Amino acid sequence: MLDYFRLLFDTSDFTARWNCGKWTALHGWTHIVSDLAIWGAYTAIPILLAIVALRRRDWGFPRILWLFVAFILACGTTHLVEAIIFWQPIYRVAAVAKVGTALVSWTTVIFLIYQGPHILRLPSITEINLRLEREVGLRRAVERQLVEHAEMLQLALEAGGIGTWRLDLHSNRATRNAGFNQIFGHAPTPSTQPVEEVFARIHEEDRDAIKDAIQKARRGESDYNVEYRILHPDRTTRWVRDRAKLIRNANGEPELLTGAIVDITDIRSAEERRALLSAIVDSTPDAVISQSPDGAILSWNAGAEQTFGFSAAEALGNSINLIIPEEHVDEATQFRAAASRGERMAHLETVRRCKDGRLIDIWMSISPIFNHLGRVTAISVIERDITERNRYDARLRQLNRILQAKNDELEQFVYIVSHDLKSPLVTMLGFVGLLREDLGSNVSNEVKDGLKRIENAAIRMSGLIDDVLELSRIGQVQPKSEPVDIAAIVEQLRIDLAQEIAQAGARIVLEGRNSSVRADTRTLHHVLQNLLTNALKYGCTGDNAEVRVGTTQRPGETLVYVRDNGPGIAPEHHQRIFRMFEQVETGRAGTGVGLALVARIMRAHGGRVWVESAPGQGATFWLEFPDRPLSDESDDNRIN
Amino acid sequence: MGTRPINFLLVEDDDDHAEIIVRALKHSRVASNVRRVADGIEALAFLRKRGHSSTQRPDIILLDLKLPGLSGHELLEIIKSDPDLLTIPVVVLTTSNTERDREEAYVRHANSYIVKPASFTRFREMVRDLSLYWGVWSPPAQTA
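Same order as they appear, the protein sequences are chains L and U.
Going by numbering that gives the first Met the number 0, the residue at position 559 of the first sequence is 558; the numbering climbs one at a time, nothing skipped.
Going by numbering that gives the first Met the number 0, the residue at position 93 of the second sequence is 92; the numbering climbs one at a time, nothing skipped.
Some hints could be false.
For lysine-lysine, the following DSS-like pairs were computed, each having C-alpha atoms within a straight-line distance of at most 25 angstroms [stated by the list, open to error]:
| no. | chain 1 | residue 1 | chain 2 | residue 2 |
| --- | --- | --- | --- | --- |
| 1 | L | K451 | U | K25 |
| 2 | L | K354 | L | K447 |
| 3 | L | K447 | U | K25 |
| 4 | U | K48 | U | K79 |
| 5 | L | K244 | L | K215 |
| 6 | U | K65 | U | K48 |
| 7 | L | K405 | L | K451 |
| 8 | L | K451 | L | K536 |
| 9 | U | K65 | L | K405 |
Calculated from the structure, these hints are not laboratory results.
Since this is a predicted model, take the numbers as computed values, not measurements.
Model the full structure from these sequences, guided by the hints.
Given below as structure tokens:
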């Protein structure tokens with residue numbers, strides 16, 4: 000065997016084929032040329048195949064190609080050797096070449112047998128094209144759907160005011176869509192920037208909570224779901240709700256957070272408002288109850304629990320008759336019916352029954368609740384326990400009655416006493432006068448003096464009684480307010496006080512143009528009588544004594560004055576003289592009640608009285624009557 | 000021109016007041032016959048006496064309000080609703096100066112309401128004026 004390969008290229012044992020047989024040139028060269036041509040082709044083909052194989056690496060069976068390359072090259076080699084043998088009989092080489100070729104060829108056959116079915120399964124070009132077309136069609140349809148979905152999503156986001164964002168957990172950059180930026184009050188265009196810049200817009204009190212939520216989401220501990228405040232560029236605060244999901248990469252590591260955010264300011268303020276209203280209802284001590292039009296209790300606040308004793312659990316769902324005594328059920332039904340028709344009623348007073356059976360007085364208002372279509376769907380009732388108040392009222396009325404009765408008693412008493420006191424005075428004065436006339440002038444001065452003193456004393460007493468009577472009357476009666484003619488009063492007084500005027504040797508002069516004042520006639524008469532009497536008594540000491548009565552008008556009030564040209568009153572006495580039983584001079588007669596009465600009368604008119612005087616300069620008493628009418632009642636009324 | 004005396008019926012429970020009125024009439028020189036009764040019952044009995052000659056029938060009734068038993072107002076009402084009596088002028092003569100008493104009197108058709116003066120002189124003048132106004136008396140030629 001080894002010798003064989005040692006002598007592979009040895010040609011000494013063999014003859015060149017030209018010399019072996021009778022080869023014609025044509026015959027011989029036909030073999031040689033053909034063999035060479037075959038060798039050429041069998042070399043070129045493999046080279047081409049190799050190029051294809053190298054170029055088209057996507058050909059699924061490269062090994063087959065390389066096997067073909069191999070066996071064709073091998074086969075070509077055998078033909079080359081055959082051509083060479085015509086000159087160099089390298090038969091040993093030829094044998095090797097042929098064995099090699101056979102081996103490779105049979106390898107190829109075996110390979111083909113095994114790979115054949117696979118190759119057969121390769122679709123034809125047409126089939127491939129069909130498939131491609133179908134796939135393209137499908138892809139296009141899916142694309143269209145995708146576009147549609149994307150549009151719908153966009154619409155949904157816009158309609159819902161939802162913004163979307165993505166936080167890259169590695170770079171910490173936040174990508175935001177147009178909606179997000181709009182929610183934050185910026186221009187509605189998408190943007191990407193470091194997350195710190197987004198945080199700048201978030202309310203500082205809420206930042207920590209958000210950072211914490213991000214961390215928790217990142218670690219997979221909880222979902223990201225937060226509500227927080229953001230600041231708009233115009234410094235207004237909005238509330239937002241923010242939700243996100245964690246996306247992990249292929250290795251299960253957190254890669255990004257993708258979220259959606261929505262402005263909930265309106266919802267929140269509505270919620271706050273609702274909470275406030277709810278708190279108001281819950282905090283009021285009044286019972287606030289809502290019921291259906293047929294009386295089923297729909298809501299029952301804390302005040303109702305306290306007022307009636309039923310808890311909300313006990314009350315809800317039950318009929319409102321739970322708290323209505325039998326005799327008031329019809330009335331309550333009627334109220335409900337009226338409310339169902341849309342009527343509102345307030346300031347109703349009725350009776351309710353508590354859980355413990357007690358009956359309480361309540362004040363209530365009842366109003367319908369309309370739904371958006373204008374139908375009455377519920378009725379709201381507010382009830383307040385007024386049992387206590389009613390008790391106070393009753394007591395107050397009772398006290399008032401007692402007071403009124405006492406008042407009446409007092410009035411009666413004063414009246415009776417005064418009249419009973421007056422009667423003997425009439426007698427006294429009557430008989431003193433009679434005595435004078437009977438005795439004539441033929442009596443001693445002592446007798447005359449005695450009679451005079453009795454008379455004076457009786458007159459004083461009479462005046463006092465009149466004043467006391469008037470004083471008691473003032474407290475009882477509402478002063479009238481009507482136009483009073485002062486001139487007429489003065490005229491009357493000239494007559495009534497004729498004696499005093501004569502005694503004082505004075506004149507009464509009426510001054511001023513306007514002599515009408517709004518007052519109570521009787522009391523004004525009394526006041527002027529009092530002042531005039533005073534003036535005549537104290538202010539008319541010298542000759543040419545004059546008492547002037549007049550009026551002046553000032554905006555909003557009318558002033559009446561009684562002026563004398565007498566000795567005047569020292570300033571230190573100006574206040575004292577208006578007090579009861581205070582007298583300036585003990586020598587002069589005076590009842591002591593008069594000016595106090597005048598002061599009281601003026602007060603009752605809403606006005607006042609004061610004096611302007613100085614020693615030696617006479618005295619002017621001023622009465623001030625405000626112009627506003629006190630009352631238009633034409634009759635005396637009891638004080639209620 | 001009647002110079003006959005005026006018939007007064009004085010319904011007054013206070014003796015002193017009654018005396019003053021009588022004396023006042025005397026001092027004013029008014030010719031008068033005064034019949035005095037102390038209460039309403041007596042007054043009515045007198046007024047309704049049958050067989051009254053017209054000369055005895057009162058020309059004026061002076062009525063005090065404060066009477067025992069039947070009050071002055073009640074008596075006034077009775078007189079003014081009796082067709083026989085209502086033509087007689089009734090002058091309420093009382094110490095009371097209250098609106099109420101005044102009103103009550105006028106409501107019951109009193110012809111006049113006079114408060115008893117606290118002075119004899121005035122009493123005298125009052126009864127004279129009264130007589131002139133209501134009575135059938137005219138003063139004698141010479142002034143009194």
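Find the hints from earlier in the document that the structure breaks and name them by number, from lowest to highest.
2, 7
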